[in-house]
Amino acid sequence: MRRLAGTPLAIAGSLLLVSLFLDLVPGDPVELMLGEQAPSIDRQALRHAVGLDRPWYAQLWLFLEQLATGQLRSSLPPFQRKVLPQVWAALPNTLLLTFAAIVVAVLIAIPLGVAAASRKGSAVDHGAMAVAVAGVALPRFWLGPMLIILFAIKLDWLPVSGAESARHLVLPAITLGTALAAFLSRVTRASMLDTLREEYVTVSRAKGLSPWAVLWKHAFRNALLPIITVLGLELGALLGGAIVTEKVFAWPGMGTLLLSGIEKRDYNLVRAVVLVFTLCYVAINALTDVAYTAVDPRVRHR
Amino acid sequence: MSPLVIGRSCFGLAALATTGAWLVGCHPEQSREGIVVLVDSVPDSLDARLTLTTVGQRVAQLISPGLITFDDEGQPVGDLAREYRMLDSRTLELTLREHLTFHDGSPLTSEDVKATFEGLISRAVPSPRADKLEAIEWVEAPEPLTVRIHLKRPYAPMLSELSIGILPRSRALPPDAAKQDREPIGAGPFRFAGQPDEEHLLLLPFESYYLGKPRIRKLLIRTVRDQTTLVLELLKGRADLVVGAVSPSLFPALLADGRIRILSRPGSAYAYLGLNLRSGPLADERVRRAICHATDVEPLLQAKLHGVAEPATGMLPRWHWAYAKTNGCRWDAARAVQLLQEAGYAGPQAGADPSSAPLAIRPRLRLTLKTSTDRFRKSIALVFREQLAAVGIDLEIRSLEAGTFFNDVRKGNFELFGLVFSQVLEPDLLRWVFSSSNIPGPENAFGGLNRMGYRNERLDEVLDRATRVDRDERKQLYAQAQALIDADLPCIPLWHESSAAVLSARLQEYEPSPHGYLQPLAAAREAAP
Chain A
1 MRRLAGTPLA IAGSLLLVSL FLDLVPGDPV ELMLGEQAPS IDRQALRHAV GLDRPWYAQL
61 WLFLEQLATG QLRSSLPPFQ RKVLPQVWAA LPNTLLLTFA AIVVAVLIAI PLGVAAASRK
121 GSAVDHGAMA VAVAGVALPR FWLGPMLIIL FAIKLDWLPV SGAESARHLV LPAITLGTAL
181 AAFLSRVTRA SMLDTLREEY VTVSRAKGLS PWAVLWKHAF RNALLPIITV LGLELGALLG
241 GAIVTEKVFA WPGMGTLLLS GIEKRDYNLV RAVVLVFTLC YVAINALTDV AYTAVDPRVR
301 HR
Chain B
1 MSPLVIGRSC FGLAALATTG AWLVGCHPEQ SREGIVVLVD SVPDSLDARL TLTTVGQRVA
61 QLISPGLITF DDEGQPVGDL AREYRMLDSR TLELTLREHL TFHDGSPLTS EDVKATFEGL
121 ISRAVPSPRA DKLEAIEWVE APEPLTVRIH LKRPYAPMLS ELSIGILPRS RALPPDAAKQ
181 DREPIGAGPF RFAGQPDEEH LLLLPFESYY LGKPRIRKLL IRTVRDQTTL VLELLKGRAD
241 LVVGAVSPSL FPALLADGRI RILSRPGSAY AYLGLNLRSG PLADERVRRA ICHATDVEPL
301 LQAKLHGVAE PATGMLPRWH WAYAKTNGCR WDAARAVQLL QEAGYAGPQA GADPSSAPLA
361 IRPRLRLTLK TSTDRFRKSI ALVFREQLAA VGIDLEIRSL EAGTFFNDVR KGNFELFGLV
421 FSQVLEPDLL RWVFSSSNIP GPENAFGGLN RMGYRNERLD EVLDRATRVD RDERKQLYAQ
481 AQALIDADLP CIPLWHESSA AVLSARLQEY EPSPHGYLQP LAAAREAAP
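So the sequence lines, in the order shown, correspond to chains A and B.
Going by our numbering, the letters in the first sequence line up with residues 1 to 302, in that order.
Going by our numbering, the letters in the second sequence line up with residues 1 to 529, in that order.
The shape of chain A in the complex, shown without the other chains:
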């Protein structure tokens, strides 16, 4: 509950910061939009029509007012499209991509980390950790096109970009999930090494349980807590990575929306997307807490 109390503060803070930064960014949205080809347009009238001639805090207030009445519109003249439908259309795509990336990360990281820990110092361990370091080091804007060249063009198995079928999800999910997988596998390994040293593991071995059961039923379940903590923390970073991934794969999500908002200096669109990102982050933290209690009853009884 105490965590939830901080939510309004986090939201207010992020909105204030974003509005302030948008104001500090040089370049007038109207000028940027009109560009070279429209020399004689009354720019001041356009600015006034959407409130761009007011100070940043007044613009933020206008944003909140419009948001509260459900009438949030683009801060770009002359279209002033509604913003929220765009956000609702993009959000599921980003959630889907993020979720798929987590699945990819978990499917790669857990077996890799557990295998590395169970054979510490062996070739498997070194191999797995080398893969992990490479995964963290590869930037997504490089990995994405490389995966496209290999799987979409050379092998011709998958589409290049877009979001039309399940097959379109594979490459972006791998691109987004790789860094998390790499990081997570290191955490899994470290956490497993700790638990494998515990007495109850030695006891269960002595009971004559199979190595498989010892590893997964006794050691792994207890090693899970740090893994979940890291997963929760890293989800925020994953949302950030989604922006790059979405651009590379022309994925119609929140990242694409944010980039187009920044390109056009559509302040209201940028504010709305940041607001939703903040809410997601808060929700993820809350979910992490819930996951703790599910995995470790001791947390509940504290």
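Derived by calculation from the structure, the hints in this document are not laboratory data.
Backbone N, C-alpha and C fix where the C-beta goes; we use that ideal spot for every residue, glycine too.
A portion of the hints provided could be inaccurate.
DSS-like mimics (lysine-lysine), calculated; alpha carbons at most 25 Å apart, straight line [said to hold, decoys possible]:
#, chain 1, residue 1, chain 2, residue 2
1, B, Lys411, A, Lys264
2, B, Lys236, A, Lys154
3, B, Lys378, A, Lys264
4, A, Lys217, A, Lys120
5, A, Lys207, A, Lys120
Just so you have them, the derived chain B footprint on chain A, three or more residues with Cβ under 8 Å [to be verified]:
#, segment
6, 157-168
7, 236-250
8, 258-267
Fit chain B to the known structure of chain A by using the hints.
Quick look at chain B alone, frame taken from chain A:
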């Protein structure tokens, strides 16, 4: 779910399938029908009156063409209008083609034309193009096929403004005017069929188009922002046409594929270096000319633009109807050094052979060139730095984010800047760029395009007069103007970029437009699968 799409098989990601409703559809991949056009940004509006971006204009034009379009010499010619003539210096009469029809089946008559223009002039529609129609006094529709446009004063450039899309009269005024933004209607070769999401736009051929129903069965316009992904989609064979959005540096990679063709036509996009004439070393004509003599565009055209550009002598391209040959300045490093010395920039290595001189440790002149963050433009700026170093000028390159860059350029906060005018068709643009009345300042809300701060009274007069006379006299006046500009050299002409279309093997009989229009799609054909 887009109707054009396509998955060879369903992936067994059952867990994922439950989270997204759109995952349901899985179609066989083989039968791809229609033509896919890739663009690098979402059309800002489909309403020809509102759109401000090039992409938006190209698409809107395909749906709702105007009375006038431009031929290959940049001359206004009839589109929906069959012909036009000046009844007197203030009256323009246009005759419409017969049997024109809108996509909704209603006939297009002079009443629709009248309503379209009245909606714009009355400011009932917040169109940024309305200002350009300010010279129109009123529009008359005496007969169904005749439109008369009465001007407040003689204004020759008006003809070019009549390229704005003609809409049904119901769409000319609110409340229905707003519908044009999302569900446009026009009399163009393709009709709007749907926009499943921001990134996809589906158009279908229009049966009653005046040049006949286009043979392309479906047209999907898809936005892919990432340049690399755009090229990869072309290589994959999932895209059929990209006009102007692929950087020339990627052409070799595309041509290596074998199936992809690149067709280019000399275009009008004008690349130039703007110079600040207000004060400093560049206020001296000799220094400007020295820079012009020191820059050599030929190696750039070959190595960087891969032949898809032609050297420019001025703002108007060689093929333009109002183009006049000027002296220009050829690459001549010795002459550049001589001019700099005359201007008082002797430098430490005076008299040395400039072509063999190493980069001077203490240059005779230091200048700053501002450019955008675009990698391609930056790499070109670095070549100029090299070339100017050979004559003892140290050119510092500062690449700035778009907003900052434009702000500096507009406020006169620069020494040199590099920019491209995306289209030079109406020669009245010379007045916007070179007339002293268009120097950006508080009185025009910094909107003027004469960023150089160039003043020449004689030129002002010539350019003003050219807006009031007939075509033949305009041609003579613009020849004078081009000579005057060439003598003063307020900016250094670099090149005119060609309009390059990248085509897949599936798109046949596509003749690219020099203006980068998508209109040639109306005559193109889909190769049989």
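Evaluated hints:
1. Taking the CA atoms of B/Lys411 and A/Lys264, the gap is about 21 Å. The hint holds against a cut of 25 Å.
2. Pair hint B/Lys236 plus A/Lys154 holds up; C-alpha atoms about 9 Å apart against a cutoff of 25 Å.
3. Straight-line distance between C-alpha atoms of B/Lys378 and A/Lys264 comes to about 22 Å, which keeps the hinted pair within the 25 Å bound.
4. With a C-alpha separation of about 19 Å, the suggested pairing of A/Lys217 with A/Lys120 holds against the 25 Å cut-off.
5. Our distance criterion of 25 Å between C-alpha atoms is met by A/Lys207 and A/Lys120, whose separation comes to about 23 Å.
6. Requiring three or more residues with a Cβ within less than 8 Å of a Cβ of chain B, the coverage given for the segment 157-168 of chain A holds, as 10 such residues are present.
7. Counting residues of the segment 236-250 of chain A whose CB lies closer than 8 Å to any CB of chain B gives 4, which reaches the minimum of 3, so the coverage claim holds.
8. For the segment 258-267 of chain A, the stated coverage by chain B holds: 5 residues have a C-beta nearer than 8 Å to a C-beta of that chain, and at least 3 were required.
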